[in-house]
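Could you build the full structure based on these sequences and the hints that come with them?
These protein sequence lines map, in sequence, to chains A and B.
So the number in the numbering used here is just where the residue sits in the first sequence, counting from 1, plus 4.
So the number in the numbering used here is just where the residue sits in the second sequence, counting from 1, plus 483.
For the record, the hints were derived by calculation from the structure and aren't laboratory data.
Be careful, since some hints might not be right.
Ranges between beta-carbon positions, derived for each pair [as the list claims (entries may be wrong)]:
no.	chain 1	residue 1	chain 2	residue 2	range
1	B	R490	A	R213	41 to 51 Å
2	A	K428	B	D563	45 to 55 Å
3	A	D410	B	D563	28 to 38 Å
4	A	K329	B	I501	20 to 30 Å
5	A	K146	B	R592	47 to 57 Å
6	B	A491	A	P41	49 to 59 Å
7	A	F311	B	Q487	22 to 32 Å
8	B	G604	A	P408	44 to 54 Å
9	A	K386	B	D531	40 to 50 Å
10	B	A575	A	F311	49 to 59 Å
11	B	A491	A	P110	30 to 40 Å
12	B	N582	A	K146	50 to 60 Å
13	A	K123	B	G604	42 to 52 Å
14	B	D531	A	E120	58 to 68 Å
Since we're looking at a predicted model, the values are computed, not measured.
In this text, a Cβ means the ideal position worked out from N, Cα and C, and glycines have one as well.
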Amino acid sequence: MLRTEVNELLTQTGPGTMMGDLYRRYWIPALLAEELPEDDCAPVRVKLLSERLIAFRDSDGRYGLMDEFCAHRGVSLWFGRNEEGGLRCPYHGWKYDINGQCVDVPSEPESSGFCEKIKLQAYPLIKVGDILWTYMGPPEFKPEPPQFEFARVPAEQTFSSKRLQECNWLQAMEGGIDSSHVSFLHSGNLNTDPLFKGAKGNQYNLADRMPFFEVSKHNSGLFVGARRNAEDGHYYWRITPWVMPCFTMVPPRGDHPIHGHFWIPIDDENCWAWSFDYHPNRALSKEERAAMEAGKGIHCEYVPGTFIPRANKTNDYLIDRQAQKEGRTYSGVEGIAIQDASLQESMGPIVDRTRENLVSTDNGIIMARQMLRKAAKALRDKGQQPPGVDPEHHKIRSVSVVLPPDQAFDEACRDDLTARPGVKHTSV
Amino acid sequence: MSSQSARATTARESQYRIDRPNSVGRTSKVLALDVQAVDILRELAGYDWQGAEFVAVGQDDCRLITAGAEQRVSLAEALDGADVVIMVVTSATDADQVNRVGRYCSDNRVMTTGFVLDEPGNPALKPILIAVRSCVVSLVLESDRDSLIECLRALRA
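Listed below in structure tokens is the structure:
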């Protein structure tokens, strides 16, 4: 359990909050690149860390992310005209470049220099992989661009998606660290989902519902190892890396692409659940990509034209009680993504952690909360750069492996847990 | 709203929770298996807890550590009524000691966690880790004492 004040510290990410200041030291996913598909395309409203912003791509292909509202009288620049190197408010024609600098106020003489005094808050927006990333912190501390492997492999090897999740970021992210729920909540999908099925490791998952857990720190977060019984006294390990503040990877299954998540706060009651799939040394097959686009694996189907999941709280997540009874799905909700989202949203917009009753297998979650709190305090009190900002910390992978009983996973899998370009992931 | 799920996820609904405890207190026993761990737990025993008992496990008997007093008991008496046992070990721990405690907890179906309060790369830990892994459901490797406190508080010790 957590005290109320600690829960607030961890869950609030708006401007001026401790966790908000921590988040603002990282490059974070802001949009899919496909949302700004061409020069001078329509701008997109973006809310991140409780800041309302507008994203656009100018005439020269440069990306901008700035305050959504015109400095004149507060009109949303979503109505803006994206033309000739800037976004022009349609109300009185005020125009801004990608840096938020006002470059034209038609009602004032150019010689007055009036527009030079007008500048909206703006953040850098860069394309790495198929995602547009932003950094919302102090410019002098802007880190080098992210080096997560999924974003650095060739385009044909990777696929990313995002969905709206209507709850606080932390309770969503904790689901990524807690692998004990897989043997229950996702048990119906291990042998049926095209992006999961057929892996030898699945049988260990299903046969052993009481995994042993081992949590150890690395330089930017945790490794959470879940150990289940395999043959001949050996153990099947599934090792989940967590990189601060919110990156996790799911341990792989067979030769399926490996996948993972970010959970990016929209505000304190909503987040974007980013999901990626990639293969380190081959292109995704047509069938794999089609499955991802169809919402299989960790992805989901959408309400057309939106990033809102088709199964959502307004339709009770399309729950199928018959499927629940028959064991086709454990909770009655279809799809791994929405199985997680439905339960995490049901906790409430910000779960009350004073009422928790944690058990030993929650140690990963306990340690992650502590690391986040310590990092936020160290940043506030000593200006200490948080772990995970350094792009070298991004070169990490999840692993699934069978080991003899006397081998520690963090020693045996040291190389496997490192992203090595062109080297296949370690999987069972 | 069209569904109970939508209503249940509003801030207003989530503020409503039945205002009674949703669990009875659990009996937590925090065990020090060597002198280094005993020193740490002797300090922690003086903090406010929700009924956690701190125990120094010796070769022949155990001592209940409370602030200012240490009472000698058998292992069975020390662990009597435990809902959860947290074994705190360091590189000074005797692996046989771990096995003895682990066997008792296993025989009595007590949920057991291992907390290795030492530098994770210390080679002296290897035989101890083998012993601990065989008898706990969860293991944390961490050199920071504050993490142990955090873990105990989170588990309502």
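**Report entry** Contradicted hints - numbers only
**Finding:** When the structure is compared with the hints, numbers 1, 6, 8, 9 and 11 turn out to be violated.
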